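Build out the structure end to end from the sequences listed, making use of the hints.
Going down the list, the protein sequences come from chains A and B. Adding 1019 to a residue's 1-based position in the first sequence gives its number in this note's numbering. Adding 368 to a residue's 1-based position in the second sequence gives its number in this note's numbering.
A couple of the hints might just be wrong.
[Claimed, not checked] Under the rule of at most 25 Å between Cα atoms (straight-line distance), these lysine to any residue pairs were calculated in the SDA-like manner: (1) Lys496(B) <-> Arg1197(A); (2) Lys411(B) <-> Gly1111(A); (3) Lys411(B) <-> Phe1109(A); (4) Lys501(B) <-> Thr457(B); (5) Lys496(B) <-> Arg1227(A); (6) Lys1184(A) <-> Glu484(B); (7) Lys411(B) <-> Arg1227(A); (8) Lys1184(A) <-> Arg1197(A); (9) Lys1141(A) <-> Glu442(B).
[Said to hold, decoys possible] A few chain B residues that don't get close to chain A, going by computed Cβ distances all over 12 Å: (10) Gly379; (11) Phe380; (12) Val383; (13) Glu485.
Derived from the structure by calculation, the hints contain no laboratory data. Since we're looking at a predicted model, the values are computed, not measured. The C-beta atom is built at its ideal place from N, Cα and C for all residues, glycine as well.
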Amino acid sequence: MTTTTTDDLPFGLGVSLYSYTDDIGVTMTVEDCIADVADLGATGLEILGEGHIEDYPNPPTAWIDAWYARNERLGLTPTLYGSWIDTRRFPGRGMTAAEGAAQLELDLRLAARLGFSFVRPKIGVISEDLRVDPIWQEAVERNLQLAADLDIVVCPEIHWPTIIKSPVVEEYLEFKERTGSEHFGLLIDTGVFELSPYPRRGGSASFRMGDGSARPPVVPFVPVSDLADVMEHTVYFQAKFYEVDDDLVDHYIPWREIIDVVIDSGYTGWLSSEYEGHHEPYRAPDQLRRQHALIRTIAAERAAAAPALADRN
Amino acid sequence: MLEEQLIQTAGFRNVGPEGARTGFQLRVRSPYYRGLWANLIEKPTVTVDGERFDGDGIRWTLPGGDFSFAELQEAADARWPLGHAATLTVPRDGGLARGLHDVTLELRLRMSYIPEELQPSIWTASRKAVIVK
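Dropping the structure here:
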């Protein structure tokens, strides 16, 4: 198992290259982004397999060699590899469980070649309330032994409008209990704790979902107290955020509450930042630094308060 | 590196021999945050100066080859990787006249993790672009 440490923090701090979506290929190369993750003081590196690996799914050997050399030089640990099981990939028919398993196997093996410890498959849905395509259980179960052999934890993502107390999460937890696998867990995207809707602007094109009149489901964001109930199954956090202001205040994601639950539970894994604010080039590198300054401030306050709390007890 | 706008300045050109143009091309940056299997591309619409061209006749050139829309749907391994422009070839007898044109692209990609009722995802980008010859 690779190390999960960032300075003297009780958890690891990482960054997902997803954060740089509006810069990658326009103002920065993938390699520029990786250098920026190290420059801002993070030690964990999260990527999207289909996004950031040259010639996916068959990267040149030279690319892999450069990946390892660069991470070594920059002090970065590969954390999570984001993957997809595109269940609606084939026009006119669904995906079979065998095809889903093959896609996940491909990504697990590639993630292992690059030194990752976690793989997040994003799986297709079959209903408006985001029930996951039922092939997922067989597709994942067929790969649990492989995941164990590769020392990788497979972790589906709990991402709004899927929330913590939902049939989808119940299904994941039943699967975990049934298989008894230690190589399956939950990834929590902190966007589920959003306090108010973020008015995102920008983008190089106008965007809409669907040609019809369907509207996204109305699902409330959830209190951080829901998180405590699933911490024992949580293996990874995508620290989703939109904006941290000039006073290092995040008006949209309640970091103090989240970090309280994280630390109190004894979690020592990764918080991996996912910037998803205004779609504007040059913004992510600045916002990532603000968020890490904020998280480090909160962790330092907690560390300073801890002896006092211990005395009181 | 590509321009931030989806329809790239470079690559907007006529195709076919001079005097007998068969159509025109535009180069497109993917606005999606990942590369994707080419089967997940749905029919785009290109509009030039009010004239619409539907996706059935538009050919796609990706790093892995050149595809009709039908071939794209059936391709087993073709991908549109992040950071690589796709070239769309649109048939039009005579091509486009030299000069500026109002070009609009509606790009459609299918995302399995979003409910089908809300798909495909559609990006609409417009710009003026120049045909040199």
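Going down the list of hints, with the structure as the test:
no., hint, in the structure
1, Lys496(B) <-> Arg1197(A), "violated, 58 Å"
2, Lys411(B) <-> Gly1111(A), "holds, 15 Å"
3, Lys411(B) <-> Phe1109(A), "holds, 14 Å"
4, Lys501(B) <-> Thr457(B), "holds, 16 Å"
5, Lys496(B) <-> Arg1227(A), "holds, 22 Å"
6, Lys1184(A) <-> Glu484(B), "holds, 23 Å"
7, Lys411(B) <-> Arg1227(A), "holds, 15 Å"
8, Lys1184(A) <-> Arg1197(A), "holds, 19 Å"
9, Lys1141(A) <-> Glu442(B), "holds, 23 Å"
10, Gly379, "holds, 15 Å"
11, Phe380, "holds, 16 Å"
12, Val383, "holds, 24 Å"
13, Glu485, "violated, 4 Å"
When held up to the earlier numbered hints, the structure conflicts with 1, 13 and fits the remainder.
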